[in-house]
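S.K.: One letter stands for each residue in the lines below.
2 protein chains.
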Amino acid sequence: MKIACLLYPNFTSADLINPITVWQFVPGVQFEFIAAEKGPVATDTGLSFNATHSFADASPTPDVVFVPGGAKPTFDALGDPALLDTIARLSQNAGWVTSVCTGSLLLGAAGLLNGYRAACHWYPREWLRKFGATPSDARVVVDRNRATGGGVTSGMDFALHMVGMWGGEASGRLIELMIEYAPEPPFGTGRPELADAATLSTARQFMAAEFSETVVDRAAQRLTASPRAATA
Amino acid sequence: MKIACLLYPNFTSADLINPITVWQFVPGVQFEFIAAEKGPVATDTGLSFNATHSFADASPTPDVVFVPGGAKPTFDALGDPALLDTIARLSQNAGWVTSVCTGSLLLGAAGLLNGYRAACHWYPREWLRKFGATPSDARVVVDRNRATGGGVTSGMDFALHMVGMWGGEASGRLIELMIEYAPEPPFGTGRPELADAATLSTARQFMAAEFSETVVDRAAQRLTASPRAATA
Chain A
176 MKIACLLYPN FTSADLINPI TVWQFVPGVQ FEFIAAEKGP VATDTGLSFN ATHSFADASP
236 TPDVVFVPGG AKPTFDALGD PALLDTIARL SQNAGWVTSV CTGSLLLGAA GLLNGYRAAC
296 HWYPREWLRK FGATPSDARV VVDRNRATGG GVTSGMDFAL HMVGMWGGEA SGRLIELMIE
356 YAPEPPFGTG RPELADAATL STARQFMAAE FSETVVDRAA QRLTASPRAA TA
Chain B
176 MKIACLLYPN FTSADLINPI TVWQFVPGVQ FEFIAAEKGP VATDTGLSFN ATHSFADASP
236 TPDVVFVPGG AKPTFDALGD PALLDTIARL SQNAGWVTSV CTGSLLLGAA GLLNGYRAAC
296 HWYPREWLRK FGATPSDARV VVDRNRATGG GVTSGMDFAL HMVGMWGGEA SGRLIELMIE
356 YAPEPPFGTG RPELADAATL STARQFMAAE FSETVVDRAA QRLTASPRAA TA
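Residue numbers (the numbering used here), protein chains in the order written: chain A, 176 to 407; chain B, 176 to 407.
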């Protein structure tokens, strides 16, 4: 099973690392870490990762395409035609087209979610409609061969869910035990409806400074103008 | 706040990424990613990360020392005197000495857990006693300035707990919401006492092939023979 993981500048590293931590236990799995150029790619925390493949030399027919999200960096990436074209191209023959967090906005901008239900980070979730998708507040959404996770930490639930679909529940149960996934969130504020008003208001301010509806509108206009290429 | 993150060949990337995903929101935080040499370090999934500092040029007085774990790679690292000496040296004046998963075995081998309670991955947890530590099955254990998390995915709970201690609960509530940490483990087998017998037996076989009590015994003998340097 070949999994194409797309990397772009300053993406949210946890969106990628949690899924591949789970998927590394899938028998025969092979990851390709794909960026504009092979070599170092900055991530959100300042730690840089090394892409193993450029857009040009990625295997053209992966079994799974996976796109991580980010805060402002993902909105910058919505204006990157080479990234969106690569996502669209690799997804053409892929068995699964997947994302975590705002990665679903990139799938949408690549023309891959029109008519599909999808998950996303809670803040920009409704903007998926601009790409013809139906947003869901579920932590993991599977609609035909599109599988999407919610905000950042949903990547663990998302990846385990996929393992259950790919290899059966016994695999999922085993991996959950090996990575000791019995979470105990200390504050219990991990969804807008669980958070107190002050926490929610501060989070919204932070997100408003990072996430841009205008950028999504522009990406949607380009997609409408040029639906096959997915970018202007 | 300067956080020294220790990297070594093939360590478990999620052990590092989840905590720094949380900690990047701490005002004024600075990470140093420290390995034997600056530059690429392989991780468990095949993705490589770039260390920003070598052991020699790491800042000598970090506020926090953080050590991630791993499966067999951590047991290999237990025989690496340069790594253990660096952990011991940087911890000497650190405000907090911390780890996730089997990282606590490395803290133990560096002489830093004698007389302390500590968490660890469930499989090798009891082996902490060889370093004078008292193992705990809690997901996060804080004993004076030692803070340790359980297996792999505990890193999220551990890091949020620390943020609550460092910056107050409001910070913790905010970060939990921003990273949408409302986990939904799909299988409910994340601890030995929650798993069915077949899952537990398969996991134990996997762990027995990766984790070596003999290696821990040898590290403990070296520590006893040379308690100050922490290594032979």
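Just so you know, the hints here were simulated from the structure itself, not pulled from any lab data. Some hints here could point you the wrong way.
Note that identical chains are pooled: a pair holds if it fits in a single copy or bridges any two copies.
Claimed, not checked - With a Cα cut of at most 30 Å, we get these calculated DSSO-like pairs of lysine-lysine:
#1 K177 to K247
#2 K247 to K213
#3 K305 to K213
S.K.: Would you mind marking each hint as holding or not holding in the structure?
M.R.: Going through the hints against the structure:
Within a single copy, K177 and K247 get their C-alpha atoms as close as 29 Å, and across copies as close as 25 Å, so both meet the 30 Å cut-off. In the homo-oligomer, the alpha carbons of K247 and K213 lie at most 30 Å apart both inside one protomer (23 Å) and across protomers (28 Å), since each shortest distance falls under that limit. Within a single copy, K305 and K213 get their C-alpha atoms no closer than 32 Å, and across copies no closer than 44 Å, so neither meets the 30 Å cut-off.
In terms of the numbered hints stated before, the structure departs from hint 3 and from no other.
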